[in-house]
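All chains, full assembly: derive it from the sequences and hints.
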Amino acid sequence: MREVIQQVVNGLSVGSIYALVALGVAIVFSILNLVNFAHGEFITAAGYTMFYLAAGDVPWVLIFPSAIIAGALVAAILERVAFRPLRGAAIATQLLASFAVSFAIENALQLSVGARPKAIDYPSWTQTTLHLGSIDIQWLDITTFVTTMAVLALIMWYLRHTTTGLAMRAAADDFATTRLMGIPANRVVVVAFLISGALAGLAAIFYFGNSPVVSPTSGFDPLLKGFIAAVIGGLGSLPGAVFGGFLLGGLEVAMDATLPAGLTGSIDAFIFALLIIALLFRPSGIFGVKTAFSRV
Amino acid sequence: MVEPSAASAEGEPEHLLELQGLSARYGSLVAIREVEMTVDAGEVVTLLGANGAGKSTTLGAIVGLVTKCGGKVRFEGRDISRLSTEAVVASGITLVPEGRRIFANLSVEDNLRLGGATLPAGEYAAARDEVVDLFPLVGNRSRTLAGLLSGGEQQQVAIARALMSRPKLLLLDEPSLGLAPVIVAAVFELIAQLKSRGITMLLVEQNVERAMEIADRAYVLSTGHITMAGDQLSVAEIEDTYLGLTSSRSGDDA
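From first to last, the protein sequence lines are chains A and B.
FYI, this note's numbering numbers position 230 of the first sequence as 230, with every residue one higher than the one before it.
FYI, this note's numbering numbers position 150 of the second sequence as 446, with every residue one higher than the one before it.
For the record, the hints were derived by calculation from the structure and aren't laboratory data.
No residue lacks a Cβ here, since even glycine has one placed at the ideal position from N, Cα and C.
There may be inaccurate statements among the hints.
From the derived model, a few chain A residues whose C-beta atoms are all more than 12 Å from chain B [stated by the list, open to error]: (1) T93; (2) F281; (3) I286.
If you want the footprint, here are the derived chain A segments under chain B, 3+ residues with CB under 8 Å [as the list claims (entries may be wrong)]: (4) 159-167; (5) 177-185.
This is how it looks when you write it as structure tokens:
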């Protein structure tokens, strides 16, 4: 029983990170139909921000928000310089642009800060555990899950109760008609990228908390998992992305706990196999495509 | 930006909306050529034409959704040709698009909120009261998902949503399209009600008879050109124009 509870907590923690990444990917996709493969670079940017600020002895109470701001800022800049000029272009063009931006940033980082991984000096409390009887739970896992839930609630509130949030939901339905309401298209898109980048920054805090080493390619793995989660949920569906994130995290942890030791290195292969099988039966994902914000 | 030629002697613009030689295209295809048209405050003007004549393109060009390739759009004497869609709406023109295009996944209330997004915060409640007074349905079904409403009800939501911004000019793109005859009658009753309240409208329709009953003046588009205009056009001659049986004319006082 003790083992099960600890694995559930692990699953919720890993799932939270995937859910945050998947939600960021889905928000931009739902509005622009753009699968942004440069999303991983928002995570990397947040990682380097934490590394350099921690190395400069900046208090962590400032580093964490800085990581989120870095993710949001990079997202907003990329929207302005890379994606806005291509708005309305073919989906394949935008997709290629996102790959190009991703590679460009990776290479720029390799040239500027070097390809060698850098260890982020996380605060010691992230490694401490909470003892509940015979159960030990890492504070980082609790923080990850609780913060993710709070942020999801905040985003839900924002999308339901603010004009820009409503406009984002409307734009996911019909972008042109949203502009006919007098709502500036650029505002909606920039806010979507800002939220997407901020979510990546938050995910980076928890992701690097578990594996505190950042390199120019660090963002790829969480991006891939987040993308898979978004596809499982139904690309474009925000509740689907969150659900897909938790499902993927849960599956990973369950496999890690139950597979024979020799097979745990192949968890990703099993996950991809399951994804393929699931998509054969539900090609649009669990929540279907283009339900977008319908049930937020 | 106001040019003297667009203003009367008193300095007031002569027309609320004036299209001066407006041309627009989709990609390399020119869809409308040198369209000349005016709408005055308080008028209902209808723009008629067969499928593909360029009616919706004209409305799209006015609000900046379709690329203009010549001519000008003047609104209250000001050249708004180069404004973005958002800026055109903010200047006082709202389009009810073809096929209603309500936000199906949002509630009726949220559709109204988006319609009133450009209003100053203090004006929203009053605008909503006015709209609910005109369309009791949007008040009664405010929490219903708009996509669950019938076609006629959705058309009411679409018009109510457009009125939320308190437009000086309402553009209606084929409001009767795809609706059952009995619902079409109800929609035109609503438009008549709007007219009686002094709302200026440019109505694009294929239903010539209904449109002519309600409009003060009409323009007829054929393959991107205005071929007839006036306030005394008969339904028969307009329909002949659709079939290419009548030559172009600009009659009466238009």
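(request) Check each numbered hint against the structure and report the violated ones by number, ascending. (result) none
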